[in-house]
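Trainee: Sequence:
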Amino acid sequence: MTVKNSTFNPKTDIQIIGAKLHNLKNISLTIPKNKLVVITGLSGSGKSTLAFDTLYAEGQRRYVESLSSYARQFLGRLDKPQVDQIKGIAPAIAIEQKVNSTNPRSTVGTTTEIYDYLKLLYARIGKTYSPTSGQEVKKDTVTDVINFIQALKEGTNVVLGSPLLVAEDRTFKQQLEILQQQGFQRVEVAGQMQKIENLIDFNFEPTDDMKVNLIIDRVTTQNDEDFYHRLADSVQTAFYEGKGELFLRNVDEESLHVFSNKFELDGIDFTEPNVHFFSFNNPFGACPTCEGYGKIVGVDADLVIPNKNLSIYEDAVVAWKGDKMSEWKNELIRHSDKLDFPIHKPYFELSEEQKDILWHGKDKWEGLDRFFQMLEENTYKIQYRVMLSRYRGKTICPTCKGKRLRKETDYVKIGGKSLSDLVNLPLDELQVFFKDLVLNEYDSAVAKRILLEIENRIEFLMNVGLSYLTINRTSNSLSGGESQRINLATSLGSSLVGSMYILDEPSIGLHSKDTESLIKVLKQLRDLGNTVIVVEHDEDIIRQADHIIDIGPEAGTYGGEVVFEGSFDELMKSNTLTADYFNHRKEIEVPKDRIKIKNSILIKGAREHNLKNIDVELPLNMLTVITGVSGSGKSTLIKDIATPALQRELGIYGNRIGDFESLEGDIKKVEAIEFIDQNPIGKSSRSNPVTYTKAYDDIRSLFAKQKLSKVRGYQPKHFSFNVDGGRCDECKGEGSITIEMQFMADVTLECEVCKGARFKKDILEIKFEGKNIADVLHMTVDDAIEFFNKHGETKVTDKLQALQDVGLGYVQLGQSSSTLSGGEAQRIKLASFLTKGTSSKKTLFIFDEPSTGLHFHDIKKLLASLRALIENGHSVWVIEHQPDIIKTADFIVDLGPLGGKHGGELVAMGTPEQIVKNEKSLTGKYLEEKLV
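Residue numbers (full-length UniProt numbering): 1 to 932.
Mixed in with the good hints there might be a few duds.
With a Cα cut of at most 20 angstroms, we get these calculated EDC-like pairs of lysine to aspartate or glutamate [claimed, not checked]:
(1) K308 - E649
(2) K917 - D593
(3) K705 - D775
(4) K761 - E750
(5) K243 - E168
(6) K523 - E96
(7) K243 - E272
Label pairs and their calculated CB-CB ranges [stated by the list, open to error]:
(8) L602 - L388: 34 to 44 angstroms
(9) S106 - T794: 43 to 53 angstroms
(10) I333 - R656: 26 to 36 angstroms
(11) Q185 - D252: 49 to 59 angstroms
(12) K598 - E649: 16 to 26 angstroms
(13) D436 - Q181: 56 to 66 angstroms
(14) S662 - L303: 43 to 53 angstroms
(15) K707 - A864: 37 to 47 angstroms
Honestly, the hints are just simulated from the structure, not real lab data.
Backbone N, C-alpha and C define an ideal beta-carbon position, used for all residues, glycine too.
Between the sequences and the hints, there should be enough to build the whole structure, so can you do that?
Mentor: See the structure below:
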């Protein structure tokens, strides 16, 4: 395709000429700078190849060229993107939908740098308060003493002194002699001034109760700068001689003022705040018990009391079952009156004080802690060791309560809150705290810039729909979409200008309400002076783009062309698949009849995380969609409660079950559960679609049957890249070698021995209808189906057909699982279930945002696959925000109304038509236009 804009200006445009990586068909195009550019098209059409593998890769390559010779030594082997030329490119920053970190120390606060600024804020203006008296701990300086003296009336007679301290290895007389040698002349004994030389002469020895002070200076105040400079030296000396203490006696008024430069109060020696004191990654600030992790391996309360609906009398504490251990339960029952402990009340209804009695004991009752201590003391007995291991798990640190910092940091406060208090506040409440914070003039001046950085970063996180997160939330517990939006907010916080940001579907995991805020953030990033390139399918973001690039016309070998470039108005006049759906020439149809509820699961009293003790009906044998704004509690309800609770009913034990009261309804109608999430399809990078769907077993057998294979004695295992035999010995069947680089991300290079083919030369000589095993693995699913059908190998095509049915015809058979998106991995799992045919077991399929990475056309295919499962007698539950999937649901469960503390309520239940009529439902508001 020729360049649309022939007049290229490197200041205003980025020009790509002849891009031909993967399925891109030698395309050329011009992208305007400092605009919001959306690249859209079918899944597998070549969008990511153009954005990440071509534009971003070239931007990174040019960046690395500017680095040290150490980094550049690898450039000779690094492949340039397969493109003739890219002009006008800017420094590139990629923000992908991958979870940032597996490091348990990484948190939302550290990733966004908010925590770094909070540490600095508390170190600079934090006030330390004594836990005993609640008084502020202050340390006097030389300036404080001088300011006090300057405030006195001119001509006031003042005595400056400090306690006389005798070193351990000296007598009182020896100490006096040394002081005399140092130039001191007087001491004060029991309030009377005495000359040091007189006391030495008389061999004076004070009694234990006699107070002796060293007189440092005697002055009459005057309005003279030199006088105060000299006096400052005397004050410094007084602090030194008194080991941090001095006194100032106003002789005229007979008043005494004591000053101390020690950081102590109420007999407690406090630590002076500094940045390291508030760092959980530093031994100086980290909780000594958990070393800053917030969790320890200890007794897991959820294992000890798995069913919180039971009372202590009903054996809620499973460790107290059996003749011997039940004595502990019986003892608590006997003491319950004195302890004021309700033995018949369900555990979840107990107050924090009552739970504290159960665990930590009170009066004669020693509690669960002592019970487990008894087990520890008897671990020489095998039965006690086994019992103890049964209740071990990762549990919140008992010392810091998960706050990660040592308890002394809680004494330092700003606005009445310690740093530990702030890290556990949701971002929306944290924002209110800083907006309402009142500081004195000095603290305001010191903290002005720090507060600006904190408030800006909180604002950015709020704008990308993450108001429900706390900054203590670990990075590895975030979804891919949340991680990406945190990266986006962090980029905004850095305020870079003149850069090229490339984002991979930032709308993932966002409700339509939150997408509006995201669009504002993208435009803000653009308005700073950056080029924002977004790979996206979301209708609202496409409508708001300054420039749209539509890649197609279809996917895989049928894609890779620029089918449209221009504004949204121009797109509406075009003839692409994207335009077809916007113009309603093609559409995802609303079902004429919704399936009526016959069987359903009832979850009562769901109260895990932010769920507010809700009762929810989840129908079976139909398409049930669970929706609501980000952070409303969807995943908690389905992933943390419903799924593990149903698995337990089926005898599957593994994941911890969230807090709820009871599971009721047609439980027996569910014979199997498949939770299909977006985790990679395999842990090894050698895992790929063709091995996951078991089609590779038939392909290997096919190659082993060829004449040359039989002559050489090859078996199916020789065509596997997972075991030694036929695979390349250099790269172990990976096709690439990973080189570790200091201070940079590891570099992956093509294997020089097999040139990426994965197999030994001899194995590649075996061919089936002119294709060797490497050629087959490089085929797309569409091409492979055509090839194997042509040669009558329907056994292979039957297993590949499901991949095509779920819209993955463009994926290569041997594509590494590490290169697949979360949405693609999820659809491969779905295809593997469809491949197995109609199971005799009635299965409940649970999907977590299956629309991820899908164009409207692909969503239509996905919905057909989900309906196929339902027609086969199975049930489908979907956690989803995509309006086109929601509108096709037979039943919707809408949670909200907002996220975090403001969510967790059941807003509405029913058909899409019923949800639209519910005024409280934000989902209904955005769904209305889809049902027209």
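Trainee: Which numbered hints turn out to be false for this structure?
Mentor: 11 and 14
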